[in-house]
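Engineer: Sequence:
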Amino acid sequence: MNWRLPDPGPVPPGWVRVDCHLHTVHSGDAVSTVEQIAKRVAEERIDVLCVTDHHSLDGAWEAVERDIGARVVVGEEIRTRAGEVIGLFLTERIPYVLALPDVVRRIRDQQGVIYAPHPLDPNRTSLGLDGLRELHEHGALDVVETCNAKISNPEHNAAAADFAARRGIPAAAGSDAHDPPGIGAAYLHMPDFDGPADFLEKLGEARIRGEYRDHVGWQPRARE
Numbered sequence: 005m006n007w008r009l010p011d012p013g014p015v016p017p018g019w020v021r022v023d024c025h026l027h028t029v030h031s032g033d034a035v036s037t038v039e040q041i042a043k044r045v046a047e048e049r050i051d052v053l054c055v056t057d058h059h060s061l062d063g064a065w066e067a068v069e070r071d072i073g074a075r076v077v078v079g080e081e082i083r084t085r086a087g088e089v090i091g092l093f094l095t096e097r098i099p100y101v102l103a104l105p106d107v108v109r110r111i112r113d114q115q116g117v118i119y120a121p122h123p124l125d126p127n128r129t130s131l132g133l134d135g136l137r138e139l140h141e142h143g144a145l146d147v148v149e150t151c152n153a154k155i156s157n158p159e160h161n162a163a164a165a166d167f168a169a170r171r172g173i174p175a176a177a178g179s180d181a182h183d184p185p186g187i188g189a190a191y192l193h194m195p196d197f198d199g200p201a202d203f204l205e206k207l208g209e210a211r212i213r214g215e216y217r218d219h220v221g222w223q224p225r226a227r228e
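Counting in my numbering, the sequence shown runs from 5 upward without gaps.
These aren't lab readings, by the way, just hints derived from the structure by calculation. All clues given are correct.
Below 20 Å or equal to it, Euclidean Cα-Cα: the simulated SDA-like pairs (lysine to any residue) are:
1) K206 / Q115
2) K206 / V20
3) K206 / P195
4) K206 / D196
5) K206 / R170
6) K43 / W65
7) K206 / G13
8) K206 / I173
9) K206 / V15
10) K43 / R217
11) K206 / A165
12) K206 / P17
13) K43 / H219
14) K43 / P184
15) K43 / G73
16) K206 / A169
17) K43 / D183
18) K206 / A175
19) K206 / V52
20) K206 / G143
21) K43 / V29
Taking the hints into account, I'd like the entire structure generated from these sequences.
Structural biologist: Here it is, written out as structure tokens:
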């Protein structure tokens, strides 16, 4: 099912284009090299890229060191016993398959941001409603991904958006790209920011753009 959100128009002065969820070859199930990412960053005019490999920070640090033409937010997509979460603005890798409260604590210890990726997609190891509610009830749900470009059924994105809106939780968008053509399929226009606290504050003004863009050359693992 193809879908596309309305284009938010040009990036206003003082604002940036941000792809909040992306993978490199260091994820193991992705094929994008840092060189390929740099090329796509220029083509898609991305200003800030959140590199969120599965269980690794190596791709993010490599992107920082090689200067890909965009500011890099170091992140990690972490599989917990309750489903996947992303930590943004990290300095240390977090082990996978820990209990959700333990992962939350480890992200908070790094002054990081707790981000729920594709939270209501039934085809992946997502948090689901129970996981979202658990995080929210404990004040540990900073951002909900309401536009994931790899979700074929837009109703799953819409349900995540409804959950976030009803609770006043900031919404975000990510391409979830595992290959170069996917980079930039979903992104934010938002005021430029400096650090995690400012990022969360400015998210309230963000404009979301995205379209469904399937994986190229491989298929993601089904929910276990």
